[in-house]
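So the protein lines, in turn, are chains A and B.
Okay, so the first sequence: first residue is 1 according to my numbering, each after it adds one.
Okay, so the second sequence: first residue is 115 according to my numbering, each after it adds one.
Calculated directly from the structure, the hints in this document are not laboratory data.
There may be inaccurate statements among the hints.
What the hints assert, rightly or not - Quick partial rundown of chain B residues pointing at chain A, CB under 8 Å, derived from the structure:
#, residue
1, G156
2, Q159
3, F204
4, E215
To be verified - In silico DSS-like links for lysine-lysine, alpha-carbon gap of 27 Å or less:
#, chain 1, residue 1, chain 2, residue 2
5, B, K171, A, K49
6, A, K68, A, K58
7, B, K171, B, K132
8, B, K183, B, K131
9, A, K49, B, K185
10, A, K69, A, K49
Note that the Cβ used here is the ideal one computed from N, Cα and C, for glycine as well.
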Amino acid sequence: AQSVTQLGSHVSVSEGALVLLRCNYSSSVPPYLFWYVQYPNQGLQLLLKYTSAATLVKGINGFEAEFKKSETSFHLTKPSAHMSDAAEYFCAVTRGGATNKLIFGTGTLLAVQP
Amino acid sequence: EAQVTQNPRYLITVTGKKLTVTCSQNMNHEYMSWYRQDPGLGLRQIYYSMNVEVTDKGDVPEGYKVSRKEKRNFPLILESPSPNQTSLYFCASSPEAEGAETQYFGPGTRLLVL
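In isolation and in its complexed conformation, chain A is listed as follows (with noise of 0.2 Å):
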């Protein structure tokens, strides 16, 4: 069965700093992983997504995503934190085949402080 980990409920950086939220999933075959990010009131918007086509993945807003498998891991990044980057991220986890459900981490609230 598959299952995603986030690290951190709360992560507060400076504007301009560097951005880390950490996700770690397990699964039983190569997965595909993805990063959500959902604004106050809003619905889940896609960032990033892995499919096996390339290890280093580059989504919207100047996120990216490195797909590690010897360390089962999908930790997002940015290098340079900006104020509108204050929302909820969540790193959710599908297997191939036909089947689409997301299994979703608990979520990441990023506050960015100026």
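Put chain B on the given structure of chain A with help from the hints.
Positioned in the frame of chain A, the structure of chain B alone reads:
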């Protein structure tokens, strides 16, 4: 504009009073699903539908019903709501039921059951 819409966005009801939350997508997607979001638990799948007239249970289906009579619509029915169904609900859709497909989320419906 390609989108997933949900109605209502906010709903307060009382225990036992049947309610329906509608979900509609205009992207001709085959796959649709419902999730609920609770603090500290992330999002969990309630029901999903692979296509018209094909629905199945997700991880937390108790107390919910769904139907898929048309491709674009996937209503969520709570026949006898209880306080433990107070939550934030999201509808999502994707082109196919394939693990690598991106799911597109609606804006959410916040439900309070008194």
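Checked hints:
{"no.": "1", "hint": "G156", "in the structure": "holds (4 Å)"}
{"no.": "2", "hint": "Q159", "in the structure": "holds (5 Å)"}
{"no.": "3", "hint": "F204", "in the structure": "holds (6 Å)"}
{"no.": "4", "hint": "E215", "in the structure": "holds (6 Å)"}
{"no.": "5", "hint": "B:K171 <-> A:K49", "in the structure": "holds (25 Å)"}
{"no.": "6", "hint": "A:K68 <-> A:K58", "in the structure": "holds (15 Å)"}
{"no.": "7", "hint": "B:K171 <-> B:K132", "in the structure": "holds (20 Å)"}
{"no.": "8", "hint": "B:K183 <-> B:K131", "in the structure": "holds (23 Å)"}
{"no.": "9", "hint": "A:K49 <-> B:K185", "in the structure": "holds (26 Å)"}
{"no.": "10", "hint": "A:K69 <-> A:K49", "in the structure": "holds (15 Å)"}
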